[in-house]
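S.K.: Sequence:
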Amino acid sequence: MCGRGKDRYGIDSERIVINRQGGHVAPDTVSLRYFLVLAQELNFTRAAARIGIAQPALSARMRRLEAELGTALLVRNTRSVVLTTAGAALAESAPPALAALDRAWDTARSAAAGELGTLRIGYSLSAGAETAPALVDRLIRGNSGLEVGAVPMATPEISPAVADGRIDAGITRGEQPGRGVRRFLLRRERIGVQLAQHHPLAEHPEIEIADAAAYPLRLPDRAANPVIHDQLSALFRDTRPHPRFHTPAVSFDMSQRDLRDGVTLAPAGEAAGTAPPAGLTWRPLRGAPSLTIHLVLPREQSPLHRRIRAVAKTLAHELHWLPD
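Residue numbering for the sequence shown follows UniProt numbering, starting at 1 and increasing by one per position.
Treat the hints with caution; some may be incorrect.
[As the list claims (entries may be wrong)] With a cut-off of at most 20 Å between alpha-carbon atoms, the simulated SDA-like pairs for lysine to any residue come out as follows:
no., residue 1, residue 2
1, Lys313, Ser93
2, Lys313, Asp221
3, Lys313, Ile140
4, Lys313, Glu300
5, Lys313, Arg299
6, Lys313, Pro298
Everything labelled a hint here was simulated from the structure, so no lab data went into it.
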């Protein structure tokens, strides 16, 4: 049973159900919108033509509306239509109420389309050079009702965080293992090496894998991303002599001193060449397979997750992240 007074939404509970004494119910919004047209025209013929219905149908609507409200809204005669006091009050108060209702419908539709809400994205640190910012920017610009937050995370933690709902989506290098998620290929990029601009190998448009292996190679910490670490190290498995790998003490060193000295090379995807730090450049490795970047979503997806997927798919196409 509905109690007296207003509920937590500010709704008068007694108006939700039929008033048993008067038998009144809230009018349907279509009839109310028809009434507002008639209140402007004050002529059934013109109002019916403007709405696009027959005049008898409009008259029947108005009689039913008055019956539902339990009061006369119009005074009719053969030559004119005049609003009653109740009709004039309704004509003044109904438009803002209908506008608020329209906004409520629009909000519900936006939520159902995944265009409204708070979106939490976790991304691999190496994906923050270009891929993650591009996707976040497109989500924000194309969906004004979305509040988007993105944070770098250790790559092995991203899929579990998506699966248990700590974040809504993830961006990872490589197809990271994990249950309870779905992975969508977002980008393929060539593998190359980042190196000093004055390095002898920088003179070549492409570098042979064996030539790169002659120098110390910097790889990411395997604990931070075992998939990519193993893929990059496997490139040099058959080179002789075996290359010298090392992991920097500081995992994300903006200065990259070990590369600037012109001795060390860093295997990396082509995004590293988009906006390299001063003094560094990037060259592709001839014959190397591509690296992959994946969008990670929960297996059971909401409208918000489907929106992320649709935006990511469009972005990947526009920026040619995937082969046609």
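S.K.: Now tell me, hint by hint, if it's right for this structure.
M.R.: Status of the hints after comparison with the structure:
1. Lys313 / Ser93: The given pair, whose Cα atoms are some 46 Å apart, is violated under the 20 Å limit.
2. Lys313 / Asp221: Not OK: Lys313 and Asp221 at ~30 Å, beyond 20 Å, violated.
3. Lys313 / Ile140: Satisfied, since the Cα-Cα distance of roughly 16 Å is no more than 20 Å.
4. Lys313 / Glu300: Distance ~18 Å between Lys313 and Glu300 Cα, so the pair holds.
5. Lys313 / Arg299: holds (17 Å)
6. Lys313 / Pro298: At roughly 17 Å apart (the allowed maximum being 20 Å), Pro298 and Lys313 satisfy the hint.
Violation of the numbered hints given earlier is confined to hints 1 and 2; the remaining hints are satisfied by the structure.
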